[in-house]
Amino acid sequence: MYKELEQYIRSHGKIGQKELQEITQCFTPIETSRNEMLCNIGQVCKHFYFIKKGCIRLYEIDNKGTEVTGYFALEDTIMSANTSFILQKPSRDCLVSLEP
Numbered sequence: 001m002y003k004e005l006e007q008y009i010r011s012h013g014k015i016g017q018k019e020l021q022e023i024t025q026c027f028t029p030i031e032t033s034r035n036e037m038l039c040n041i042g043q044v045c046k047h048f049y050f051i052k053k054g055c056i057r058l059y060e061i062d063n064k065g066t067e068v069t070g071y072f073a074l075e076d077t078i079m080s081a082n083t084s085f086i087l088q089k090p091s092r093d094c095l096v097s098l099e100p
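Under the working numbering, the residue at position 21 of the sequence shown is numbered 21, and the numbers go up by one with no gaps.
Hints were generated in silico from the structure; no laboratory data involved. There may be inaccurate statements among the hints.
What the hints assert, rightly or not - Here are the simulated BS3-like cross-link-like pairs (lysine-lysine), alpha carbons at most 27 Å apart as the crow flies:
#1 Lys-53 with Lys-3
#2 Lys-52 with Lys-3
#3 Lys-46 with Lys-3
#4 Lys-46 with Lys-89
#5 Lys-18 with Lys-46
#6 Lys-3 with Lys-14
As the list claims (entries may be wrong) - Restraint ranges, calculated between C-beta atoms of paired labels, are given here:
#7 His-12 with Ile-61: 30 to 36 Å
#8 Pro-90 with Lys-14: 34 to 40 Å
#9 Gly-65 with Thr-28: 33 to 39 Å
Nothing here was measured: the structure is a model prediction, and the numbers come from that model. Where a beta carbon is used, it is the ideal one built from N, C-alpha and C, also for glycine.
Take these sequences, add in the hints, and give me the full structure.
Here it is in C-alpha cells:
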C-alpha cells in the first residue's frame, strides 16, 4: 500500500523524502467488507483513507430521508468525511465501503 500512497502523494506536488515518510507513517493498512460503514452520520470521522483496492461512497441523507451521493472514491485515491475529520466534529455524511 505504501508504494501506491507515495506515488499518489508525489503526483500532487514536490515533497521531500522525510515529509513523505512522516505522512505515510500516519496510515495503517486495513481491509473492509462490502457495505461496511466507515463513518456514520453523527460520528466523528477518525480516519483518512487511501483506497488501494475497492471503492468508497460518501453520501448524506436529505430532509426527505433520501440518500444523496456526494462522491465515489475509487482505487488509488483518498477519502474521508473531511469536515468531520479536520474539525473532529460529528459528521453530516456517511462513508461506506462498496467493494472490499
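Going through the hints against the structure:
no., hint, in the structure
1, Lys-53 with Lys-3, "13 Å, holds"
2, Lys-52 with Lys-3, "10 Å, holds"
3, Lys-46 with Lys-3, "23 Å, holds"
4, Lys-46 with Lys-89, "10 Å, holds"
5, Lys-18 with Lys-46, "24 Å, holds"
6, Lys-3 with Lys-14, "16 Å, holds"
7, His-12 with Ile-61: 30 to 36 Å, "31 Å, holds"
8, Pro-90 with Lys-14: 34 to 40 Å, "36 Å, holds"
9, Gly-65 with Thr-28: 33 to 39 Å, "35 Å, holds"
This entry satisfies every hint, going by the numbered hints stated previously.
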